[in-house]
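These protein sequences, in sequence, are chains Y and U.
Just so you know, the first sequence maps onto residues 1 to 480 in this note's numbering.
Just so you know, the second sequence maps onto residues 1 to 480 in this note's numbering.
No lab work stands behind these hints: they were computed from the structure.
Treat each hint with caution, since some may be false.
One copy or two, either will do: identical chains are not told apart, so a pair holds if it fits within one copy or between any two.
As the list claims (entries may be wrong) - Keeping only pairs whose Cα atoms sit at most 30 Å apart, straight-line, the calculated DSSO-like set for lysine-lysine is:
1. K72 x K402
2. K438 x K147
3. K93 x K54
4. K93 x K147
5. K179 x K402
6. K402 x K478
7. K240 x K409
8. K34 x K279
9. K438 x K54
10. K283 x K34
11. K478 x K409
12. K173 x K147
13. K10 x K34
14. K389 x K142
15. K93 x K389
16. K54 x K402
17. K93 x K402
18. K179 x K142
19. K34 x K54
20. K240 x K478
21. K240 x K389
22. K240 x K93
23. K173 x K270
24. K72 x K142
25. K240 x K179
26. K478 x K179
Number of protein chains: 2
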Amino acid sequence: MPDIYQELCKLADSGMYPFHMPGHKRNLESTPLKGAFRCDITEIDDFDNLHDEKGLILEAEERANELYGADKTFFLVNGSTSGVLSAVSCALKEGGRILAARGSHRSFYHAAYLRRLEISYLPARILSPFGIYDSITAEDVKAALEKEPDAEAVFITSPTYEGRCSDVRGIAKICHERKIPLIVDAAHGAHFGMGEGVPESAVLQGADIVIHSLHKTLPSMTQTGLIHVKGSLIDPDLLKRFLRIYQSSSPSYVLMASIDLCIRYMVENKRDFVENLLKYREKIEEGVRNCRKVRIMSKNILQDPSKVLVYVDFGGMTGQQLYDILREEYALQPEMSGDVSVLLIITGWDTTEGIDRLIRALNEIDRRLQDKEAKDLSGMTVTGFELPKVREPLSMAWDMAKESVPLEKAQGRIAGEFVNLYPPGIPLLTPGEEISGKLLQDIAGYIQEGRNLQGIEFYENGENKGIIGSRREIICVKQR
Amino acid sequence: MPDIYQELCKLADSGMYPFHMPGHKRNLESTPLKGAFRCDITEIDDFDNLHDEKGLILEAEERANELYGADKTFFLVNGSTSGVLSAVSCALKEGGRILAARGSHRSFYHAAYLRRLEISYLPARILSPFGIYDSITAEDVKAALEKEPDAEAVFITSPTYEGRCSDVRGIAKICHERKIPLIVDAAHGAHFGMGEGVPESAVLQGADIVIHSLHKTLPSMTQTGLIHVKGSLIDPDLLKRFLRIYQSSSPSYVLMASIDLCIRYMVENKRDFVENLLKYREKIEEGVRNCRKVRIMSKNILQDPSKVLVYVDFGGMTGQQLYDILREEYALQPEMSGDVSVLLIITGWDTTEGIDRLIRALNEIDRRLQDKEAKDLSGMTVTGFELPKVREPLSMAWDMAKESVPLEKAQGRIAGEFVNLYPPGIPLLTPGEEISGKLLQDIAGYIQEGRNLQGIEFYENGENKGIIGSRREIICVKQR
Numbered sequence: 001m002p003d004i005y006q007e008l009c010k011l012a013d014s015g016m017y018p019f020h021m022p023g024h025k026r027n028l029e030s031t032p033l034k035g036a037f038r039c040d041i042t043e044i045d046d047f048d049n050l051h052d053e054k055g056l057i058l059e060a061e062e063r064a065n066e067l068y069g070a071d072k073t074f075f076l077v078n079g080s081t082s083g084v085l086s087a088v089s090c091a092l093k094e095g096g097r098i099l100a101a102r103g104s105h106r107s108f109y110h111a112a113y114l115r116r117l118e119i120s121y122l123p124a125r126i127l128s129p130f131g132i133y134d135s136i137t138a139e140d141v142k143a144a145l146e147k148e149p150d151a152e153a154v155f156i157t158s159p160t161y162e163g164r165c166s167d168v169r170g171i172a173k174i175c176h177e178r179k180i181p182l183i184v185d186a187a188h189g190a191h192f193g194m195g196e197g198v199p200e201s202a203v204l205q206g207a208d209i210v211i212h213s214l215h216k217t218l219p220s221m222t223q224t225g226l227i228h229v230k231g232s233l234i235d236p237d238l239l240k241r242f243l244r245i246y247q248s249s250s251p252s253y254v255l256m257a258s259i260d261l262c263i264r265y266m267v268e269n270k271r272d273f274v275e276n277l278l279k280y281r282e283k284i285e286e287g288v289r290n291c292r293k294v295r296i297m298s299k300n301i302l303q304d305p306s307k308v309l310v311y312v313d314f315g316g317m318t319g320q321q322l323y324d325i326l327r328e329e330y331a332l333q334p335e336m337s338g339d340v341s342v343l344l345i346i347t348g349w350d351t352t353e354g355i356d357r358l359i360r361a362l363n364e365i366d367r368r369l370q371d372k373e374a375k376d377l378s379g380m381t382v383t384g385f386e387l388p389k390v391r392e393p394l395s396m397a398w399d400m401a402k403e404s405v406p407l408e409k410a411q412g413r414i415a416g417e418f419v420n421l422y423p424p425g426i427p428l429l430t431p432g433e434e435i436s437g438k439l440l441q442d443i444a445g446y447i448q449e450g451r452n453l454q455g456i457e458f459y460e461n462g463e464n465k466g467i468i469g470s471r472r473e474i475i476c477v478k479q480r
Numbered sequence: 001m002p003d004i005y006q007e008l009c010k011l012a013d014s015g016m017y018p019f020h021m022p023g024h025k026r027n028l029e030s031t032p033l034k035g036a037f038r039c040d041i042t043e044i045d046d047f048d049n050l051h052d053e054k055g056l057i058l059e060a061e062e063r064a065n066e067l068y069g070a071d072k073t074f075f076l077v078n079g080s081t082s083g084v085l086s087a088v089s090c091a092l093k094e095g096g097r098i099l100a101a102r103g104s105h106r107s108f109y110h111a112a113y114l115r116r117l118e119i120s121y122l123p124a125r126i127l128s129p130f131g132i133y134d135s136i137t138a139e140d141v142k143a144a145l146e147k148e149p150d151a152e153a154v155f156i157t158s159p160t161y162e163g164r165c166s167d168v169r170g171i172a173k174i175c176h177e178r179k180i181p182l183i184v185d186a187a188h189g190a191h192f193g194m195g196e197g198v199p200e201s202a203v204l205q206g207a208d209i210v211i212h213s214l215h216k217t218l219p220s221m222t223q224t225g226l227i228h229v230k231g232s233l234i235d236p237d238l239l240k241r242f243l244r245i246y247q248s249s250s251p252s253y254v255l256m257a258s259i260d261l262c263i264r265y266m267v268e269n270k271r272d273f274v275e276n277l278l279k280y281r282e283k284i285e286e287g288v289r290n291c292r293k294v295r296i297m298s299k300n301i302l303q304d305p306s307k308v309l310v311y312v313d314f315g316g317m318t319g320q321q322l323y324d325i326l327r328e329e330y331a332l333q334p335e336m337s338g339d340v341s342v343l344l345i346i347t348g349w350d351t352t353e354g355i356d357r358l359i360r361a362l363n364e365i366d367r368r369l370q371d372k373e374a375k376d377l378s379g380m381t382v383t384g385f386e387l388p389k390v391r392e393p394l395s396m397a398w399d400m401a402k403e404s405v406p407l408e409k410a411q412g413r414i415a416g417e418f419v420n421l422y423p424p425g426i427p428l429l430t431p432g433e434e435i436s437g438k439l440l441q442d443i444a445g446y447i448q449e450g451r452n453l454q455g456i457e458f459y460e461n462g463e464n465k466g467i468i469g470s471r472r473e474i475i476c477v478k479q480r
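Only chain Y is shown next, with the shape it has when bound in the complex (with noise of 0.2 Å):
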């Protein structure tokens, strides 16, 4: 069966003239994008249309399907953020009640917003002192909805940004008691499922809509995803009109080509990439065995082993001078820093070179650490952590009058905006939470660190000067 990357290709050299969209006409002399300009169309004759597949499209989404075992698979190609959109504007009534996770990406607050829903929490609990989002059980769901019976859908993360999964199938349970569905943002985790030593899909354990991006850790272009639904309790029409309404309606026939290349590539090698991944996972635990004081978080805690988060135990350096040293002596570019460690992912794509530099890069850091006095690491806490106490529902709250207030003013006073980390993007705060003193403590920790911090305004002089101004100001809803 053709796939969609060999028909555009057979397009391109087929001699068929385009007096049609898009306007560069495949025309590769002037342009540097030759391979994308090439494969760029529009909705022609036989190439089906992702918004009302019958054809080509359709049949790529049946393969993908297959391979993860749905009963309905659909391509993303807004990211994630459309299909966690979707997910959850067609798994409730607008207004009704959602139980999350803190821990969700951005786009699930932007639902809830857009849905008037309400939102209750489930326990948030973090992996202290790396700041890292515990999983959920299905004794927290079970707990909660036993206090919020009125939930109509549960949405959780697993695996989270860092790889800490869930117990999927235990939660899926308790939801399909009470005949609610189960969204799972497994974003980080598509390639889950293809083979031993990673762990079991989402979609196989029972979840009602599970969302895969394909470009964070299988071989596909950032900006495609899939969208798969299983079970009776969500209606895949209704879905298809969120996504509809989320997604393009000029979607890009390069990243739908680059998700079909994906799945066709995984259907035919999973094996290898799986072992590729394994065998780069294993290398690279092997190789920082010896070393003093480099740790690689083990996957009896982060059970993915994508997700390679290392440390430097007794606190000997900060997340983000471990970041800086092996970026810029290193070249060797991570995709995160936390407090006190370091987010590298690997893939079955990587190369052994990449992996033997980090090794190497591990182990020379490793032996010019001084054994100063520190912080110790060794032992992990789970900490229970109080959210912050919401004030007005983020739906009214994030449409209120607001105004610009210094942060050693702040204390007591409502959130008007999000403020988050990025990566990964999880709300320290939403719009309509009461701002604590501990937080504004956490935040200045956060500038301080020079970490990424959104919703925050530097000042300086009166002009919004980036992060570097030298006053810090938060938006709050207006004092009345």
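Go by the hints and put chain U onto chain Y.
Chain U only, in chain Y's frame:
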């Protein structure tokens, strides 16, 4: 000043190893999409962040802004769709009233649904027999605003899909007298204002928000666009909120590089681009001047020179017949077939070979045409037409219980879904509107012509058969 593409190439050549997303790791050996993969990264240091832009992307947006002359310009990677959703969401309060042209793109109706807006329509007129929506006049808007004084914003499309332009300047003046913003969906007009011989850009005519697709008429990848804000009626921060909501939090750097390359190209070459476009246009017009029956719609009627609407005078051939001959016999792929015409898009990136092939084809078709008795198309008329009766507001009706009803029994029922031809995706019917006998006749005609009709289901033996089924059904609001 470096552009995004240059910086991405420098990064690819720098030896910096990616321990981050995307999962393909710029490993070009195993993919045919080499050029795209090479430039495909995530938000790492020095590469800015589309949703919180301060560096490279901000500079690129400022370049685009300077080209068009707005106050502020933002990139779109989820197409004009995300621009229209964001514009409508930020221009008026939830639940407010918006005055709109009926011939608006589907995304306008989607925004109205999400934000629970009341839609009041501007008068609808059609250029018969071409089935093309007429432009909007300042008088239309003035009269409508007098009838609907609580309208909080006006939404028009100019140029239309077929290239017909409205008096944006006059309409903006009427809106501004009432201090309400004018949103212009100029998805098809990104090349306007780029030189003599193309119409002026809506940005400089006083619109408050203008949405441009870049891929439609300029050399950029499909799914790329710009949104411009001008004046004080729109809060750019609120617009930005909605752009963050409706666009992927993992925007493609390939799409962003394509936008930036397109803008740079236009900054340096807009004169050549427009000259080429006009030269091709002139050549086509000249080339068919001696045809007895083949006609090109005059620029007095369709002001955009990029849109070449071809038809056979005296109705010797339907649009679909002309389309099929161009495609199958001459390997010329048109943009769309209408009832009696075919729409072709030309740009400054066409080739002389392509244009010559078109002229040869049209002349051969003209010679083959028999002198048969047929409908006279030479006298075009502008006819007002009545819009379907609104029985339930869109935002309510789309969420009501539905049932599928055979077309022959649907007269008088309330539509439960959108029905439209694609392209261009302008609704014939929106949820909540009454299904008239006239509309059912039109639909029967479209089915007979084999047009791409969305929203009508085709069944055979109880099974949905897509386009080939024999029983036609329409989704209606369930009767109580």
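A quick look at each hint next to the structure:
no.	hint	result
1	K72 x K402	between (43 Å within a copy, 21 Å between copies)
2	K438 x K147	within (27 Å within a copy, 54 Å between copies)
3	K93 x K54	within (29 Å within a copy, 38 Å between copies)
4	K93 x K147	within (20 Å within a copy, 34 Å between copies)
5	K179 x K402	between (40 Å within a copy, 22 Å between copies)
6	K402 x K478	within (5 Å within a copy, 43 Å between copies)
7	K240 x K409	between (46 Å within a copy, 26 Å between copies)
8	K34 x K279	between (35 Å within a copy, 25 Å between copies)
9	K438 x K54	between (54 Å within a copy, 28 Å between copies)
10	K283 x K34	between (37 Å within a copy, 28 Å between copies)
11	K478 x K409	within (13 Å within a copy, 55 Å between copies)
12	K173 x K147	within (18 Å within a copy, 56 Å between copies)
13	K10 x K34	both (15 Å within a copy, 18 Å between copies)
14	K389 x K142	within (22 Å within a copy, 48 Å between copies)
15	K93 x K389	both (25 Å within a copy, 27 Å between copies)
16	K54 x K402	between (47 Å within a copy, 23 Å between copies)
17	K93 x K402	both (29 Å within a copy, 15 Å between copies)
18	K179 x K142	within (13 Å within a copy, 53 Å between copies)
19	K34 x K54	both (29 Å within a copy, 29 Å between copies)
20	K240 x K478	between (39 Å within a copy, 20 Å between copies)
21	K240 x K389	between (35 Å within a copy, 27 Å between copies)
22	K240 x K93	both (16 Å within a copy, 27 Å between copies)
23	K173 x K270	within (29 Å within a copy, 61 Å between copies)
24	K72 x K142	within (28 Å within a copy, 49 Å between copies)
25	K240 x K179	within (21 Å within a copy, 38 Å between copies)
26	K478 x K179	between (41 Å within a copy, 24 Å between copies)
The structure shown violates none of the earlier numbered hints.
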